[in-house]
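Asker: Now for the letters of each chain:
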Amino acid sequence: MSRLESTTDSCLGETLHRATSPSGVEIALLRTPGYATASGHFGLRFGSTDTRFRGIDGAAVEVPDGSAHFLEHKLFEGREEKVFDRFGKLGADFNGGTGFFETTYYFVSAGRFDECLEVLLDFVQHPLITQERVDKEMGIIEQEVRMYEDQPGFRSWMLLHRALYRRHPIRVPPGGFVDSVRATTAEHLQKCFDAFYRPLNFKLALSGDFEPEAVLDKVEALLDTDRPGSGARAPVDEIETIAAPWLEEEFNVEQPRVTIGWRDRAGVGLGAAMLRRQQVSAFVMDLLFGVSSPFHEDLYLRGVIDDSFGAHYTCDASYGYAMASGRTDDPVRFADEVRGAVARFLQRGPRQDDLDRMVRAAWGGAVTSLQGPSALASAALTASLEGYDPFAVFRIFQTITRDEVAERAQELLDPGRMAVAVLRPKS
Amino acid sequence: MALLESFPRPRTLAPGVDLLCLPERRFKRVLLHLHFDRPLDARRPARSLLCQILDHGTERHSTRQELACAEEDLYGVTVAQNSDRHAGMQRTTLRVSWVGEEFLPEGARVTEPVLELARERFEAPLRAASGAPFPAETLEREREQLLRQIRTFPEHRSAYAREQFLQAMCAGEPYGLPPWGTAEEVVALTGEDLEAARVDLLDHARVTAVAVGPVDPERLAGALADWLGPAGLRGGAAREVVPLPRLVEPGAMRERRETQPVDQAKFHYGWRAPRPVTGPQVETQALMNDVVGGMHGRLFRIVREERSLAYGIYSSSSTFVGMWTVAAGIDANSFDEVLRTVDEQVADVAAGNLTDAEIEVARVGLLHDLDSLGDSASRLARSLDREHLLGLYRSPAERAAQLRKLGAADVAAAAGRLRPDLVHLVAAAETAAIVG
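Residue numbers (this note's numbering), protein chains in the order written: chain A, 71 to 497; chain E, 32 to 467.
So that you can see chain E by itself, here it is in the shape it has in the complex (with noise of 0.2 Å):
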């Protein structure tokens, strides 16, 4: 299928400011994902607030409810903004998603207003009757809001323990701060401070706009260019590129266990990874993921499979940081049979005891999700975008060309490469494992 052997060439509309859009008529929804990077620094915990801040009203709609009413009028477009760790950057996403006009009753135009409330969020908050940069109650409301997400925050069990890993694992680095930032960051934030946090992402944050769905290239571009491009509305803008997090050599591998009141311990195993840089080296990584940790993979057929362990133990790649994660949800009393494993497994592959089966149902599995990529609209977007990063442009098809070459040395390669530095255990405080 054709749209699997191409990749649409990024559109520059301004420095710093790509378009990769994909027109694709199959689908009934379009996607916008415009991403705003900027670095994990300072102003992260200010990007955080002003995400929930734009939700409450701008210029023409001046509350929530009127913005969800706008946005329902337009037959249920959707327009959202967050801030979140990616690729080693700290990057705030508008995402803005509408139907395409052909499934619509005829006449209905949506696109150039849905744009216009996307744009507006940004461009034009609501702004005090006082000259403040944002009102008083909306603001405390909000910060309110943010500090009782973060104390509230070990309610999600694996999004904390993850969270909780995350900055053990990457403390002294900025991968290991808290997007969000902490309870007394957000306390200190004033109204100017998420002004200029708001400006900074407008005038100083690379862009990155990523379009999948029934949409016509040139009025989009043409619409962003109206906000974006060099004679638009933010014309002088001066876009800088987040460099890439600096990798860490590990030393003696650490050992880290917290306890908190949890019925279902939380395993975290985290190896440090070179960063791949050409695509064999991004697929050689990717397979040795699935030959380890995938979902046919070692980890998942001796711990769960074969001795009962866990209901899931699967791994992930961070490819932009250098790190490779296993994560898991264990009895806190299987936690050293499971971390014996994951060493034992490791080691095995990057010996190079692989089987060609166990190769194989991996390389499949990876070549299944290339060949479906086509069919969601979402898991394109993901995958310009991160081809876009990776500044490799290849398409689905040149993909698969690649993976179809690796073998067994190369995955034993990739696992031999990998460092140990830290495992993470959130267990209750009564289990053998926090006891000793």
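Bound conformation, chain A alone (with noise of 0.2 Å):
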């Protein structure tokens, strides 16, 4: 094991300390003096859309849509307890997430720790999947779709992103369809976790009132030390226009839910760069739509928008989208509204109090998100998946320039880009 390196951070006087596993696991450890819990967050880069993909031996693998979610469901099972079993033993919270791009299981325990850490990385690291046990999962499994498909807001979005794209795999929800569910299979869960389930991929994240040193001889002995190398993801095969301009579809809602996408040019890639992008692009959307600016309240005093509105930006080393939401009764209305005041805003430019007064707000939330062991430790591994350092945030802040969020706003909210998504009500 590789010696710790350790930085501390000016802003908030936390110390990260990191080390890389001779397997090649990255490992992030945070002290939090003073609290009862400790939190383990352990994660991947494989995602939702990562359905067709390389494996170890370089063969071509096609799998239905929504099996990292379902492998995410089956690691649960065990090998021969299962993994809700062992942590309810120890008292512990626990729980799994599948995103587009990323896979992640975490634990938050007060005085189990060690015996988390164990069951934690044991689960995640060898699971037992059979055909038996993949069928006994898709009731649950389907449940969980059919919730999601049933709330409008997750129906707006995914339509948005079928306006926005016309082949990228965001299309498709992180949890599949009924369908693909129904026809995943246990080889199919199994090449998954081959190709990718592997130390290259794994980062890891520990944040508790421990000594770094001790726990990483700890994570030492837990870590898997063979199965090198890595399966590949197949890039991302995607058109430079939008799907199209203007998507509706019916749904079980009161009352029109119309969203609107400015689809972002290429990506930057992971890293330093894409946080970056991330703040900037989110300092445009809040000068522009925040409650405290000049053209949020406009629309919301006009009645065009009320307070289901809502908008923010997002993006991945592959995709990259800003957007605006909300309810109304007269989507076209909505939509030229909202170019108007995009059109207003962008001639006028971002004024400095204005980004002086967001960046101090910002400063707050942020300080205010890394507190206590499991939020600190999800932090350190999203910056981990993502390459990034957990409180570089703090310095994009001091160094965020009114040019720079004009010249991104120009760039994101470009009206050839544009596409809304509306949810109408069943006729």
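Just so you know, these hints were derived from the structure itself, not from any lab.
Here a beta-carbon is modelled for each residue, glycine too, at the ideal position from N, C-alpha and C.
Keep in mind that a hint or two might mislead.
Stated by the list, open to error - What the simulated footprint calls covered on chain A by chain E, stretch by stretch (three residues with Cβ under 8 Å from a Cβ of chain E suffice, anywhere in the stretch; the number is not a length):
(1) 358-365
(2) 400-410
Stated by the list, open to error - Take a look, some chain E residues computed to stay more than 10 Å from chain A by CB distance:
(3) A160
(4) V279
(5) A439
Given two chains presented individually in distinct reference frames, assemble the corresponding complex, making use of the accompanying hints.
Answerer: The structure is reproduced here in structure tokens:
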């Protein structure tokens, strides 16, 4: 095991200790003196969009939509004993999550950290996937998929993805569809596991009132040392233009929901550049559509938007978009008015005092989000998976400029890359 | 850890105004919840609409935009209010949070300014130029918004199903009334009704202030006393304690099925339960709840893990109201099987058919919740408030000691005191559970 490398953040005073295991697992450790709980977050860059890939032997593999999520469920089955029962006996909180590009698992424990760490690293590295177990889980996952499909917010979000992208796999919900869940076999899940659940892809973040060196020794004993290499995800073959400028779907809603997206230009990859793009874009959206913005106030007072309105930016290595959404009786007017507000904002540009105020508010939000062992470990894992320093955001706040935000706004809010998704009540 | 072995004694700032403050330097943000408690009475819709109106300006900050700018200026403090059912009452809560000053650039002071921002929302809302209590356009716009929220509520599948269940089970009881009112009640509200509700809250509500985080208790108590203390702005207030709701003895078991265009059916099964009074009774109910409907409980194990009938099935106790509820998202065709399973498992537990292992798993989980309580400001705030409402003032360590003494007989007895009242299903029209 390599020696720990430690850095202390000057804003929060938190010290991040990092190491890499001999097999390639990146480990982040954060001490939280005085806290009773300790937390472990373990994850990898393998998510729902990875349905076509090359296995460890180089052979092309294709699995049904939702396979990464199904695999996450199956890992909780354990080998001899269910993970629910193992963590249950330790009284720990635990869960897992599957996103478009990542799968993560975590626990929070008061007083049983060592045992919980052992369970976490064991069940994620050593599953038993059989067809019988896969068949048994289908009904549960089907209910989960139905639960999401029934939510108007989720439906309009996925509709926007289909309007913005022609081929990108984020067009498919992370859990897949009922039919794809039913088509999933143990062989599919095993192929996913064999290709990606490997030390080179794993990242681990631990936080608690512990001695980092001692914890590192324990981790070393629990991590697999074999299984080198990794499968390779298929590159996203996306076309540069949006799929549809206006896309509608009928659904069980009482009032139309409109989601407007501005598709970003090519990604900047993972790492510090992506984090900066996220933060600068977030300021663009807050300056334009935040409650403190004159554009928001104007739209609200004229009854174009109400409290259901919200806006944000999201991205990963291969995609990115800004979105604004809300309920309205008149989707055409809503879209026109939002388009008009964007045009006025781009013409006027961001103001320095508004940006300064936003930066202060973002500072407070970032401080708060890095509070307590589980939040710190979660942030450290996300940063590790996406290739940046968990505290880098404060340096962005210190260096961001009005010109940078203005330039980003012009690039991001291109009317030629805007799509409108409308969920209409069933006729 | 000392934090878990003591309970901060409430500090009475004035009759009916209590402050529970837990200064805790590990946290980076202060949470302050100011709860104003009134009965679930005819003023419910006025309080709900008032909460929306108060977002839209004060004498000092005349628009919502100006209020938002002021909050951002103070390093992203948050000030918000809402009104909902709580412990059989209508609770209007002013939620305030701010970053501890030691985490801000040197010399930055936000504590007093944020408290002033919070106070001015309730004490100095924006008035109409005409002399009316609130600007007419704001009132009408927010009324329309509340009516839209009522109209679109069925889109929130789980929350809607729970609300329909509560209204059906507690029909005729204050707890069965929607806190935001009906569309007809909202339409009938006048600016004067909202003003009366505002004054009533400030002058008659029992107030509980709960603060956790890097805060100086004296500075906080001083600021709150200036507002709500005997020599403060609201010094002459005559505050009233809201009595606990009357407990209901159920008659024959009722069943209600509602048609909604949903993909996944929502199952709620309500039981009446005695209201726990002592600490051990409270912990017994919690242990029974986890044994039957906790994350490692019987229902989760049988309904989800063994029979794959639901993604999740959980139970919860409404301690002050005397209710115990099982909720699940299911395939409507599984309704009879899920209902039968709940009945069987409650009866089985009540008969004392419990293993030591299942009690221990539930107990370990609850003990973990208590051990980890001190690491979460929001959970600490909830816990302090609950103990205050219960009048028990137990530290987490005392609660843990009471929990450790409980056994199978206690759990069985608690399950035996449950009485089934109403099972409620929201499902699509074409499903067998609805058709017949």
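Asker: Against each hint, give a clear statement of whether it holds in the structure.
Answerer: Hint-by-hint comparison with the structure:
Evaluation of the coverage hint for the segment 358-365 of chain A: fulfilled, as 5 residues show C-beta separations to chain E shorter than 8 Å, against a requirement of three. Remark: the segment 400-410 of chain A is not confirmed as covered by chain E, as 0 of its residues place a Cβ nearer than 8 Å to a Cβ of that chain, below the required three. Distance to chain A confirms A160(E) as a non-interface residue, since its nearest Cβ pair spans about 16 Å, more than 10 Å. Every C-beta of chain A lies more than 10 Å from that of V279(E), the closest at about 32 Å, which supports listing it as non-interface.
Remark: the non-interface label on A439(E) is consistent with the geometry, its nearest Cβ contact in chain A lying 18 Å away (cut-off 10 Å).
Going down the numbered hints, you'll see the structure goes against just number 2.
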